[in-house]
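**Student:** These protein sequences, in sequence, are chains A and B.
Under this note's numbering, the first residue of the first sequence is numbered 1, with each subsequent residue one higher.
Under this note's numbering, the first residue of the second sequence is numbered 1, with each subsequent residue one higher.
Quick caveat, the hints were computed from the structure, so don't treat them as lab data.
Heads up, the beta-carbon is just placed ideally off N, CA and C, and yes, glycines get one too.
Mixed in with the good hints, there may be bad ones.
Derived pair list, reagent style DSS-like, types lysine-lysine, alpha-carbon separation capped at 30 Å [said to hold, decoys possible]: (1) A:Lys207 - A:Lys166; (2) B:Lys207 - A:Lys177; (3) A:Lys166 - B:Lys207; (4) B:Lys57 - B:Lys17; (5) A:Lys98 - B:Lys111; (6) B:Lys98 - A:Lys114; (7) A:Lys114 - B:Lys177; (8) B:Lys111 - A:Lys207; (9) A:Lys177 - B:Lys166; (10) A:Lys7 - A:Lys114; (11) B:Lys111 - A:Lys177; (12) B:Lys177 - A:Lys111; (13) B:Lys56 - A:Lys114; (14) B:Lys166 - A:Lys114; (15) A:Lys7 - A:Lys111; (16) A:Lys111 - B:Lys56; (17) B:Lys177 - B:Lys17; (18) A:Lys166 - B:Lys166; (19) B:Lys57 - A:Lys111; (20) A:Lys56 - A:Lys111; (21) A:Lys166 - B:Lys111; (22) A:Lys98 - A:Lys177; (23) A:Lys98 - B:Lys114.
Far from chain B by the CB rule (all over 10 Å, computed), these chain A residues [claimed, not checked]: (24) His59; (25) Cys157; (26) Gly180; (27) Asp185; (28) Glu190.
Protein chains: 2
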Amino acid sequence: MTTSNPKTIAILGGTGKEGKGLAYRWALAGYTIIIGSRTTDKAISAAEEVIGLVGKKVHVKGVENTIAAREAEIVVLTVPYSFHREMLEFIRPEVQGKLVIDVTVPIVPPKVTKVQMPPEGSAAQQAQSILGENVKVVAAFQNISYENLLSGETVDCDVLVTGTDKEARTLVLDLVKDTGLFGLDAGPIENSVVVEGMTSILIGINKQFGVHASGIRITGISR
Amino acid sequence: MTTSNPKTIAILGGTGKEGKGLAYRWALAGYTIIIGSRTTDKAISAAEEVIGLVGKKVHVKGVENTIAAREAEIVVLTVPYSFHREMLEFIRPEVQGKLVIDVTVPIVPPKVTKVQMPPEGSAAQQAQSILGENVKVVAAFQNISYENLLSGETVDCDVLVTGTDKEARTLVLDLVKDTGLFGLDAGPIENSVVVEGMTSILIGINKQFGVHASGIRITGISR
């Protein structure tokens, strides 16, 4: 763990492959993880799956989304885009004063390879707008192949981190490092459109090349 | 040259490092290049510079922007963003029915690391809107370090190609290949915001890492 204190992380919509992938990596790194779901049973089942995958003693439990958001210091949103707005309004009271990491990509079927942003400019800006200025929204992990994240394989994709608050971006960069990935500060929340939209481009590239895990890597820097 | 026929390419605003870099690479590949500038003298001087750099017999000449646009089959726009709209309105009659490659990045000082798009959604969409539907606008080369392009060094940055017309994107992918770079079809013109905005993120990364040529590379595909 690279952050100064052990942290509790809630992962809402954590029963999907994105949520379980992040839960797996952070549990391995020593964080306490609360997986949230609409039904407690599903959350518990996902938590048990993650514990089984890690194969050593870790702190992972499953509860209903609101309870997860209430109990954690850091709240990660990994819900499908169609539930994004609804979930934000639902958890708004629970996340005031907290850090919210938004992983959401605005994919709008049927044209999933075409960039289609909400009126706010991006999913992250939508989150910031709904949650209000007392919440520090940071966007990250949108371009990652979650199968590789969960399996523990190397993920050959950098994580671009955007958000209004520089200190919050730095904290999330530590969390990225703890998943085993390489993160970069990609600037203010207005830049989220680039990272979210890149996922649509990568879906198109996946189709063209017959692969399922294309990603991006920043070149010309020393790591 | 990978395209089926020898093509004449006009590079408007071609006296800057972007324009000269592209002129150098395409002249080397055997294309006929017309460098355009607001003043004929500057255009001629840039053409002579490119010929000198190539060091073998190539077809490069310099003329005023309108004449360049009129004479060429493919028109490349490498003007600063502050001249983008004005230049598009100026050349509109000359480029009807042609392919226009827009290299423009909407960088708005002083916040050059913050994504700031025009009302149309991106510079490429602005170009398409101004030039009209008889012009095939394709956006490309926005993330490249032009110093490396001109010096003939390896450019470790992929080129994402966007535009409404798939055939036009394919043609531009051939032109990218002829510069020695690796290009990818990044989908419709609405996706241009991602590629243009990425330049603001890369400028921020350049500052953080103390480098001047960070770029992007698509991972997880076979080349």
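**Student:** Next step is simple, just say for each hint if it's right about the structure.
**Tutor:** Do the hints match the structure? See the list:
no., hint, in the structure
1, A:Lys207 - A:Lys166, "36 Å, violated"
2, B:Lys207 - A:Lys177, "21 Å, holds"
3, A:Lys166 - B:Lys207, "15 Å, holds"
4, B:Lys57 - B:Lys17, "21 Å, holds"
5, A:Lys98 - B:Lys111, "27 Å, holds"
6, B:Lys98 - A:Lys114, "24 Å, holds"
7, A:Lys114 - B:Lys177, "24 Å, holds"
8, B:Lys111 - A:Lys207, "36 Å, violated"
9, A:Lys177 - B:Lys166, "39 Å, violated"
10, A:Lys7 - A:Lys114, "37 Å, violated"
11, B:Lys111 - A:Lys177, "28 Å, holds"
12, B:Lys177 - A:Lys111, "28 Å, holds"
13, B:Lys56 - A:Lys114, "43 Å, violated"
14, B:Lys166 - A:Lys114, "13 Å, holds"
15, A:Lys7 - A:Lys111, "38 Å, violated"
16, A:Lys111 - B:Lys56, "47 Å, violated"
17, B:Lys177 - B:Lys17, "20 Å, holds"
18, A:Lys166 - B:Lys166, "40 Å, violated"
19, B:Lys57 - A:Lys111, "47 Å, violated"
20, A:Lys56 - A:Lys111, "42 Å, violated"
21, A:Lys166 - B:Lys111, "15 Å, holds"
22, A:Lys98 - A:Lys177, "20 Å, holds"
23, A:Lys98 - B:Lys114, "24 Å, holds"
24, His59, "32 Å, holds"
25, Cys157, "6 Å, violated"
26, Gly180, "15 Å, holds"
27, Asp185, "6 Å, violated"
28, Glu190, "5 Å, violated"
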